[in-house]
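Enquirer: Let's have the full structure, built from the sequences with the hints guiding it.
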Amino acid sequence: MTISKDVAVMAATAAEAEVTTELPIPVRSRSTRHLWRKFVLPPLVALVIALIAWQAAITLLSLPPYLMPAPIDVYDALISRFADMLPAALITMQEAYLGFALAAISGFVAALIMARWNVAERGLYPYLVLLQTIPIVAVAPLFVVWFGPGQATNVLVAAMIAVFPVAANTLQGLKSTDRNLVQLYRMAGAPPRVQLFSLRVPSALPQILTGLRIASGSSVIGAIVGEFVAGVGGGKGGLGYVITLDANQLRTPELFVAVLLASVVSLILFGAVALVESQLLKRWHESALPTEE
Amino acid sequence: MTTTSTAANRPVGKDICSPLIEFHGVSKTFSNGFRALTPFNLSIDRGEIVSLVGPSGCGKTTVIRLAAGLTAATDGEIIRRTQELAYVFQDPTLLAWRNVRNNVALVAKLKGVGKAERNAAALAAIETVGLSRFERALPRQLSGGMKMRVSLARAITSAPELMIMDEPFAALDEFTRDNMQNELLRLWRVNHFGAMFITHSIREAVYLGHRIVVMASHPGRVARVIESPNPPTLDDAPRDLKALDATVNTISQLLAGEPA
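Chains A and B are the protein sequences, given in the same order.
Each residue of the first sequence is one higher than the one before, starting from 189 at the first, in the numbering used here.
Each residue of the second sequence is one higher than the one before, starting from 516 at the first, in the numbering used here.
Derived by calculation from the structure, the hints in this document are not laboratory data.
Here the structure is a predicted model, which means the values were calculated and not measured.
Heads up, some of the hints might be wrong.
As the list claims (entries may be wrong) - Keeping only pairs whose Cα atoms sit at most 30 Å apart, straight-line, the calculated DSS-like set for lysine-lysine is:
| no. | chain 1 | residue 1 | chain 2 | residue 2 |
| --- | --- | --- | --- | --- |
| 1 | B | K624 | A | K470 |
| 2 | A | K226 | A | K470 |
| 3 | A | K363 | B | K626 |
| 4 | B | K624 | A | K363 |
Expert: This is the structure we're talking about:
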């Protein structure tokens, strides 16, 4: 009932705004309260219930915190350790985001080159796949040997793990351009460069963004793996370093906090990519509604 | 042996009288040995619509790909006396991220036509196909028939002398399809282009064509060329539908033995 009322209200507002059109007007509820109730409240309720159940289970079973901390223990750890966890999270963030940027740029450029010249694809693609099959944990120590233990190494590990999804998805997108459109460009005498940037890249945008979305998660994993291996020796460690230390000393609540912060680092990047994606792709079907003059 | 020659852009002197495009003994064999087209002869005059109809694998698409210069003939000679050709695909083939006006102006833009000139031509073409109100709409906001109109508008923007159409209305529902056939004839009366029109529908071929090339498959060849008893005219005279029906029946019987 409330929804149909909203629609009616929307229709009325649209008419008032003199947006007369024969096409359906996208209905977007302006009431944030409605959205909050629909999308924020249910997972929030689920979370509260889960936390209560978790706390109750730990209390009833009287498990020691080093085995399984209760939510209260995790909260305490978060408060008491926040001052030194936050810099660690920021370090990881820096490494992961730099690695992501490096992977996004190099993956995109590699895909462009492979899409433009078939011989480049035949020559490079097998090695790209090989790069993906190498276990990152096994290579990380090598990177430490070459580049020393430090942030640069972690950035490279993050980039290495994130480059494949970007390159593979972008290439896939660039190669699946509508044949007829390619023919249209060719018949109009458009040079390959114009075809690539005016037709293929925009066509591939959904796949490119999918690649970036996957890479956003991978790059955080890469940064933390790098820190496991490289960060231990250095003075300034990221979350991976914190996790290694706390795991050795069975500080389980702190481990939970580290995991929580790592996923926040990951979520921020994922959210940014999703935001860019929705902004770029929305234009294709939502905007530029025809209006009467 | 193969020659594809293109003469001047615009008809001058005797070129006005000579056919727009001529096929002389043109054949096409694919590298795997498949004979897509056995020696094929056809000439199309300026302002003439020639329908090509026949079952799958009869070489219709090969003929228009040859005409457009998208593939080379194995043997024979193609003389095309125009550079101004437009190709209309079965799908609207639009850029999803460009609005109607920019889609219509696309080919002109790729050919290097200046912005003011191509926009003016695009707006005129959009008006011709009756989409003026949707100039800024994106393809996703349009119906199938409207998208096809955009595709036609893009084709006429470059003032083509030869329209090459590959089953352009095949994916449309019957009602829209009838509309689009009349739309095409209307555009033809305004712009008077020559056209090669490929279709699976005998009725459509007969309704639109001045001549109907009936093709047969395995190997691809011309079964017969039929003059329309009542072709479309520039003054939009009422059509003798009975005579057209008789031609449809003749062609149906001709193709009866052919696998679909």
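Enquirer: What hints, given by number in increasing order, does this structure fail?
Expert: Hint check: nothing fails, all pass.
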